[in-house]
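Using the sequences plus the hints, can you model the full thing?
So the chains spell out like this:
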Amino acid sequence: GENVEQHPSTLSVQEGDSAVIKCTYSDSASNYFPWYKQELGKRPQLIIDIRSNVGEKKDQRIAVTLNKTAKHFSLHITETQPEDSAVYFCAASKGNTPLVFGKGTRLSVIA
Amino acid sequence: ETGVTQTPRHLVMGMTNKKSLKCEQHLGHNAMYWYKQSAKKPLELMFVYNFKEQTENNSVPSRFSPECPNSSHLFLHLHTLQPEDSALYLCASSQLDSVGEQYFGPGTRLTVT
Chain F
2 GENVEQHPST LSVQEGDSAV IKCTYSDSAS NYFPWYKQEL GKRPQLIIDI
52 RSNVGEKKDQ RIAVTLNKTA KHFSLHITET QPEDSAVYFC AASKGNTPLV
102 FGKGTRLSVI A
Chain A
343 ETGVTQTPRH LVMGMTNKKS LKCEQHLGHN AMYWYKQSAK KPLELMFVYN
393 FKEQTENNSV PSRFSPECPN SSHLFLHLHT LQPEDSALYL CASSQLDSVG
443 EQYFGPGTRL TVT
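If you read the sequences in order, they're chains F and A. When the count follows the working numbering, it moves up by one through the first sequence with no breaks and lands on 112 for the last residue. When the count follows the working numbering, it moves up by one through the second sequence with no breaks and lands on 455 for the last residue.
By construction, these hints were calculated from the structure, which means they are not laboratory data. No residue lacks a Cβ here, since even glycine has one placed at the ideal position from N, Cα and C. Do not rely on the hints blindly, as some may be mistaken.
Listed below are several chain A residues computed to face chain F (Cβ distance under 7 Å; list not exhaustive) [as the list claims (entries may be wrong)]:
#: 1; residue: P384
#: 2; residue: L385
#: 3; residue: M388
#: 4; residue: V390
#: 5; residue: F417
#: 6; residue: E443
#: 7; residue: Q444
#: 8; residue: P448
What follows is the structure in structure tokens.
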């Protein structure tokens, strides 16, 4: 079955700097790669996703890149703000199978 | 509101109690999930239901018993739990026959004393 590895487990950045979180997956048939943000005491919520027919997707300060050959994808957050502090989860699936999540990255943005 | 609701939001129970967690989705999805979230395992998939049929049971102890009476409702029946079962239990739903978002409920914070 699919296995998703996520790094780093914790990340601290200064406000205004960029943050990068990386994930690798094992099943080459996976074709959907979402990223979820979970703020303290709240539910995980989708912030951006990418499908395997696309190499990069951007939404304001966040972007995701996908390298199908290497089987890895990354989340990039630019101009970080204190409200970006949260736990971020990557996931992968083949579309008709449940999402397999990484173990999460705790991002702290220091003002 | 994401369209997935869970009750109760907080639950404290003794090891000999029997309680149930409820989840309801208003999104017309055909798949529902139970996750356990703790410090050790951030998002641990427990059960998957697809069109009311259980399709995954990830080696979950029998003291957790899921029930899915229809595609909109999902229950998790709890009995003789252990203190290590204390965690946040998240319900989620999605449309499994198309690639797309999985929506989470707000979770039930369970404490077993």
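Hints and how they fare:
1. P384: 4 Å, holds
2. L385: Interface hint status for A/L385: holds (4 Å vs cutoff 7 Å).
3. M388: 11 Å, violated
4. V390: This interface hint holds because 5 Å falls under the 7 Å limit.
5. F417: Violated: closest Cβ of chain F sits about 19 Å from A/F417, beyond 7 Å.
6. E443: 5 Å, holds
7. Q444: Hint on A/Q444: holds, closest Cβ of chain F at ~5 Å, below 7 Å.
8. P448: 5 Å, holds
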